[in-house]
Amino acid sequence: DVVMTQSPLSLPVTLGQPASISCRSSQSLLHSDRNTYLTWFHQRPGQSPRRLIYKVSDRDSGVPDRFSGSGSGTYFTLTISRVEAEDVGVYYCLQGTHWPQTFGQGTKVEV
Amino acid sequence: EVQLVQSGGGLVQPGGSLRLSCVASGFTFSDHHMDWVRQAPGKGLEWVGRIIKTRQTYTTEYSASVKGRFTISRDDSKKSLYLQMTRLKTEDTAVYYCGKDNWGLGEFWGQGTLVTVSS
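So the protein lines, in turn, are chains A and B.
Just so you know, the working numbering puts the end of the first sequence at 763, numbered straight through with nothing missing.
Just so you know, the working numbering puts the end of the second sequence at 189, numbered straight through with nothing missing.
By construction, these hints were calculated from the structure, which means they are not laboratory data.
There may be inaccurate statements among the hints.
Taking lysine to any residue and the SDA-like style, the derived pairs with C-alpha atoms no more than 20 Å apart in a straight line are [to be verified]: (1) A/760 to B/173; (2) A/707 to B/172; (3) B/137 to A/740; (4) A/707 to B/171; (5) B/113 to A/740; (6) B/113 to A/653; (7) A/707 to B/126; (8) B/113 to A/696; (9) A/760 to B/114; (10) B/113 to A/761; (11) B/113 to A/762; (12) B/137 to A/750; (13) A/707 to B/173; (14) B/113 to A/659; (15) B/123 to A/750; (16) B/123 to B/88; (17) A/760 to B/111; (18) B/123 to A/761; (19) B/113 to A/749; (20) B/113 to A/698; (21) B/113 to A/722; (22) B/113 to A/666; (23) B/113 to A/662; (24) A/707 to B/177; (25) A/760 to B/110; (26) B/123 to A/749; (27) A/760 to B/123; (28) A/760 to B/116; (29) B/113 to A/695; (30) A/707 to B/102; (31) A/707 to A/738.
Chain B is faced by these chain A residues, among others (derived, beta-carbon under 7 Å) [as the list claims (entries may be wrong)]: (32) 726; (33) 727; (34) 755.
Idealized CB from N, CA, C, for every residue including glycine.
The following block holds chain B by itself, in its conformation from the complex (with noise of 0.2 Å):
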């Protein structure tokens, strides 16, 4: 079965800093490009970005609105995925979820961490 469990939300002031992790099983996890998606309160999806395996390497792709203070990044030993984020603002809060993709985002999802960016 597979299964993608996040963990490291929580309250952070504008400008600060958080790490959210995605431990994944049941499947090949270094095989996988994956994915992040946020969900603001009450809102919409929105891609945030994703690692993308090539023959040896990885590369990253973002979205504008997070390019330059978000980074993705993977431990393929430890099947985990991370999503560091750095000078935080208030329209970052959301729940942010890890999908795992195949033919495309989101073939499972996590079950989602909150965010909440507030003085």
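Next comes chain A alone, as it looks inside the complex (with noise of 0.2 Å):
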């Protein structure tokens, strides 16, 4: 399986500060059809995830702009530009260009 492997694990926040979060993977997620299948989403606690990037650096309807995804190959980042109170929680990248799909472990974004 591929191994998704996010750094850090737990990052303390500024408000109004940028934050990123970065996502490395065991194998290429370049897919044959020439896309790369990297998602970010966001939950906290008690709430089901929300998707905010797919496919590497599509954001999602409705998702802030202050959210973007970048990266290729097998190294990937997402970045927020000015942290708010809201984007507190559990951040994971998930990869579904190979089989299984697979998570990171999650990076814990607290002020």
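Could you fit the two chains together into a complex? Lean on the hints.
Put into structure tokens, the structure is as follows:
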């Protein structure tokens, strides 16, 4: 299985400041259809996850533009340009290129 | 508004069975792959399986940890997705989420339903 390694696992942030989370895969996530299926989710305590970014950098509808995704191959980054209080919680990356789909361990973001 | 409403969780003994349901609204259900994901208490997310729409039929894929014990099905006329779980183990205890697939897993999620496997 493809191993997804996130860092850091815990990220103290300052409101109004930028923050970033990285995700590294054990194999390239470039699919034969030329897409890269790397997704980012945000989960608040007691809530369902919410998808933020798909295919590395495409933002889901309604997701604030302070969230952005980048990367290629085996290294990917989620960046929050200016952290807001509602951004606390756990962030997960997911690869959907190889079977089985696999998640990173999660990064806990707290103020 | 897209909604996925789940039901069917609860307490079951090891070796028992349980069926989860997920009713969709707000989108053309029959056009989309659907996934199940679970989250053990205090742990991260784990993909369970998916049902993929092909030209005239559907195919299913499962994680190794549930293959042969869990079955995913759907009824497009009822806009419903199902997860039939058999031979349940204590390690299957988790919150189970259904998810709508659009360019990947989890464009939208259900509210989650807790399955507890314990004697």
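How the hints compare with the structure:
1. A/760 to B/173: violated (26 Å)
2. A/707 to B/172: holds (11 Å)
3. B/137 to A/740: violated (35 Å)
4. A/707 to B/171: holds (13 Å)
5. B/113 to A/740: Since the Cα atoms of residue 113 of chain B and residue 740 of chain A sit roughly 17 Å apart, the hinted pair holds (cutoff 20 Å).
6. B/113 to A/653: holds (19 Å)
7. A/707 to B/126: violated (27 Å)
8. B/113 to A/696: holds (13 Å)
9. A/760 to B/114: The hint holds at about 11 Å.
10. B/113 to A/761: holds (15 Å)
11. B/113 to A/762: Given pair residue 113 of chain B, residue 762 of chain A holds - Cα atoms ~17 Å apart, limit 20 Å.
12. B/137 to A/750: holds (17 Å)
13. A/707 to B/173: Holds - the C-alpha atoms of residue 173 of chain B and residue 707 of chain A are around 7 Å apart, at most 20 Å.
14. B/113 to A/659: Answer holds: residue 113 of chain B to residue 659 of chain A is near 17 Å, not above 20 Å.
15. B/123 to A/750: holds (18 Å)
16. B/123 to B/88: Distance of about 24 Å is beyond 20 Å: violated.
17. A/760 to B/111: holds (16 Å)
18. B/123 to A/761: Status violated; Cα separation ~36 Å.
19. B/113 to A/749: Given pair residue 113 of chain B, residue 749 of chain A is violated - Cα atoms ~23 Å apart, limit 20 Å.
20. B/113 to A/698: Distance ~12 Å between residue 113 of chain B and residue 698 of chain A Cα, so the pair holds.
21. B/113 to A/722: The hint is violated at about 26 Å.
22. B/113 to A/666: Violated: residue 113 of chain B and residue 666 of chain A sit about 26 Å apart, past 20 Å.
23. B/113 to A/662: Distance of about 14 Å is within 20 Å: holds.
24. A/707 to B/177: Distance ~12 Å between residue 707 of chain A and residue 177 of chain B Cα, so the pair holds.
25. A/760 to B/110: Roughly 17 Å between the alpha carbons, so the hint for residue 760 of chain A and residue 110 of chain B holds.
26. B/123 to A/749: With Cα atoms ~17 Å apart, residue 123 of chain B and residue 749 of chain A stay inside 20 Å; holds.
27. A/760 to B/123: Roughly 35 Å separates the two Cα atoms, so the pair is violated.
28. A/760 to B/116: holds (17 Å)
29. B/113 to A/695: holds (12 Å)
30. A/707 to B/102: holds (17 Å)
31. A/707 to A/738: Since the Cα atoms of residue 707 of chain A and residue 738 of chain A sit roughly 24 Å apart, the hinted pair is violated (cutoff 20 Å).
32. 726: This interface hint is violated because 18 Å lies over the 7 Å limit.
33. 727: violated (19 Å)
34. 755: holds (5 Å)
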